[in-house]
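Colleague: Sequence:
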Amino acid sequence: MSRRTAHLRRQRPSTPVQSSTCPCGLAETYDTCCGRFLPQSRTNSTGGTPTGAAAAPTAEALMRSRYSAFVKCDEAYLLRTWHPRTRPARIEFDPGMRWTGLEILETGEGTAFHTTGTVTFRASYRGGSLRERSRFERVDGAWVYVDGDIDEGDNGGEGHTGTQDTRGV
Numbered sequence: 001m002s003r004r005t006a007h008l009r010r011q012r013p014s015t016p017v018q019s020s021t022c023p024c025g026l027a028e029t030y031d032t033c034c035g036r037f038l039p040q041s042r043t044n045s046t047g048g049t050p051t052g053a054a055a056a057p058t059a060e061a062l063m064r065s066r067y068s069a070f071v072k073c074d075e076a077y078l079l080r081t082w083h084p085r086t087r088p089a090r091i092e093f094d095p096g097m098r099w100t101g102l103e104i105l106e107t108g109e110g111t112a113f114h115t116t117g118t119v120t121f122r123a124s125y126r127g128g129s130l131r132e133r134s135r136f137e138r139v140d141g142a143w144v145y146v147d148g149d150i151d152e153g154d155n156g157g158e159g160h161t162g163t164q165d166t167r168g169v
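Residues in the sequence shown are numbered consecutively from 1, following our numbering.
Think of the hints as simulated: they come from the structure by calculation, not from any bench. All figures in this text were calculated on a predicted structure; none of them were measured in a lab. Built from N, CA and C at the ideal position, the CB exists for glycine as well. Hints may be right or wrong, so weigh each one.
To be verified - Quick list of in silico lysine to aspartate or glutamate cross-link-like pairs, DMTMM-like style, CA-CA up to 20 Å:
#, residue 1, residue 2
1, K72, E103
2, K72, E28
3, K72, E92
4, K72, D31
5, K72, D94
Claimed, not checked - Listed next, with one range per pair, are the computed distances between beta-carbon atoms:
#, residue 1, residue 2, range
6, R85, T29, 33 to 39 Å
7, A27, R98, 19 to 25 Å
8, P88, A27, 30 to 36 Å
9, R80, T111, 17 to 23 Å
10, A112, D31, 22 to 28 Å
Kindly produce the complete structure, drawing on both the sequences and the hints.
Modeller: Below is the structure:
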């Protein structure tokens with residue numbers, strides 16, 4: 001199998017979510033989508049490998065699972081999937097923050113054949129949205145969030161007055 005050259009792919013917007021689908025916007029249930037990665041979902045396991053035991057296979061899958069973790073205020077998962085070099089000591093969640101949707105705009109590398117990747121996304125919340133280009137690396141084989149650049153031209157968090165740490169949403 002030949003190695004692919006780096007390129008950026010344009011992504012179609014995620015379909016609107018229903019209450020039974022994953023918060024990340026894909027038309028799958030939470031347990032079969034991001035719940036596979038977040039440890040809080042282990043109580044729903046029905047034998048075999050417990051949900052929450054899998055590692056995100058791509059930078060985009062990690063981005064989606066981190067968004068779901070922000071929706072669920074899962075600080076432990078967010079810190080575990082943050083690069084040790086850039087990881088904060090803790091994450092402050094704004095109790096008034098209500099995330100309403102995730103749209104993946106572009107990806108660069110970040111597959112099983114890469115050690116780095118980028119994901120550009122728009123995360124919407126009640127009252128606004130933010131757009132970020134996030135950088136990811138593999139550490140001991142697992143994808144982790146490194147850092148990101150928030151695009152101030154895309155509402156840049158405008159309308160957000162809370163204190164929630166939104167890096168790597």
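Colleague: State for each hint whether it applies.
Modeller: Hint check:
1. With a C-alpha separation of about 18 Å, the suggested pairing of K72 with E103 holds against the 20 Å cut-off.
2. A threshold of 20 Å between alpha carbons decides the hint, and for K72 with E28 the separation of about 17 Å falls inside it, so the pair holds.
3. With a CA separation close to 13 Å, the supplied pair K72 and E92 stays within the 20 Å bound.
4. This hinted pair checks out: K72 and D31 have alpha carbons roughly 13 Å apart, not beyond 20 Å.
5. Distance check on the hinted pair: K72 and D94 sit about 12 Å apart at the alpha-carbon level, within 20 Å; holds.
6. For R85 paired with T29, a C-beta distance near 34 Å keeps the hint of 33 to 39 Å intact.
7. Range check, A27 to R98: about 21 Å between beta-carbon atoms, so the 19 to 25 Å window is met.
8. Checked against the hint of 30 to 36 Å, the pair P88 and A27 passes, with Cβ atoms roughly 33 Å apart.
9. For the pair R80 and T111, the beta carbons lie near 22 Å from each other, so the given range of 17 to 23 Å is met.
10. Remark: the range hint 22 to 28 Å for A112 to D31 is upheld by a beta-carbon distance near 23 Å.
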